[in-house]
Amino acid sequence: MFCMAVLALKLTGHANGVSQLHGEVSRKMWKNVWPDLPEEHLPLTSITNGVHNKTWLSREMARLLIRYLGTRWLEDPTDASVWRRVSRIPDGELWRTHKHGREHLVDYARKRLKEQLCQVGATAKEIAVADEVLDPDILTIGFARRFATYKRGTLLLHDVERLARIVNEQAKPVQIVFAGKAHPADHQGKELIRQIVQLSHQERFRHRIVFLEDYDMSVARHLVQGVDVWLNTPLRPLEASGTSGMKVAFNGGLNMSVLDGWWCEGYRGNNGWAIGKGEVYDDLEYQNEVESRAIYDLLEKEIVPLFYDRGSDGIPRGWIACMKHRCSRSARPSAPIGWCSSTRKPSTLPPSSSGRN
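Under the working numbering, the first residue of the sequence shown is numbered 5, with each subsequent residue one higher.
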């Protein structure tokens with residue numbers, strides 16, 4: 005049978021997956037194209053995707069980096085010696101800069117939510133509630149992407165009662181901001197969004213869970229610049245690379261992700277959290293059960309305690325140490341994953357295209 009993909013593989017001068025794991029999966033998928041070659045010798049390599057730092061980095065964080073790292077990182081983000089200087093940034097300044105991003109996100113989410121409510125004809129009382137959702141001072145988790153079913157956008161909702169206890173813990177609360185779109189013909193993806201929106205309307209989640217509609221670059225920028233933790237829950241090994249978590253990294257956010265796509269290479273044990281150990285089960289329901297429990301365990305036993313473990317000055321130094329590991333040499337021997345240089349002449353600061361960016 006004629007296949008365009010096989011035609012491309014046979015005629016191209018170079019073919020690659022977009023992460024190391026994707027390269028491995030691709031070689032297994034297409035090994036029959038080269039039946040005489042052992043799998044490890046197939047002409048299918050891997051080049052891990054990256055993101056354009058100046059598009060997604062907040063202006064406040066860019067100024068902080070320039071102050072302590074100079075401008076070399078704008079010209080060559082792969083220079084590891086530059087990123088070692090992250091340790092020089094005072095914890096207090098780094099925390100205040102990141103906190104401003106969270107404050108901007110909360111303000112933006114409230115405004116966006118009010119617009120959504122107005123569009124559906126909500127009452128004045130319902131619209132007024134939007135001014136009270138979220139809190140700029142509490143641990144904020146972000147989940148925003150295309151709502152394909154394999155990305156499992158509702159995995160965090162697997163045990164609603166346990167989730168309610170986590171987000172409403174009086175001394176150490178948590179809030180979650182969802183955003184994204186499903187393909188118009190993907191009814192299963194749209195059903196996942198409906199479940200999240202319906203849950204966010206429950207009284208116990210009304211101030212702790214928000215779904216932002218009409219996902220675009222403006223929403224994405226505010227999210228990656230303001231969240232403390234970026235959640236990624238694909239069904240391994242279906243995520244080719246996934247780059248949203250990279251956009252969070254250089255804004256001071258930490259990743260909590262299944263070991264799939266780029267996170268297999270990016271995770272170092274001290275720069276975020278891995279959901280599971282890369283296990284793949286034949287039973288999808290069992291896989292969802294195991295990994296949803298792992299998320300709750302990480303939140304209750306590691307993430308939430310670390311975020312709220314503050315010194316007398318109110319600064320979570322353990323958390324900040326993880327933030328710095330995201331960019332320092334200890335996070336990766338060569339260069340921080342996700343930082344890619346631009347072919348354009350470097351500017352002093354990232355562009356401003358959505359108000360504060």
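Calculated directly from the structure, the hints in this document are not laboratory data.
You may find that some hints are simply not true.
Claimed, not checked - Simulated DEER-style distance windows between Cβ atoms:
1. L288 x R321: 36 to 42 angstroms
2. L11 x N274: 41 to 47 angstroms
3. P94 x H45: 48 to 54 angstroms
What the hints assert, rightly or not - SDA-like, lysine to any residue: derived pairs with alpha carbons at most 25 angstroms apart:
4. K103 x I319
5. K305 x A126
6. K185 x E97
7. K185 x Q174
8. K103 x R89
9. K305 x A168
10. K58 x K32
11. K58 x L302
12. K185 x V137
13. K103 x K281
14. K32 x I51
15. K176 x R92
16. K103 x L41
Heads up, the beta-carbon is just placed ideally off N, CA and C, and yes, glycines get one too.
Quiz prompt | In rising order, the numbers of the hints this structure does not comply with | solution = Checked against the structure, the hints that fail are numbers 5, 6, 7, 10, 11, 13, 15 and 16, while the rest are satisfied.
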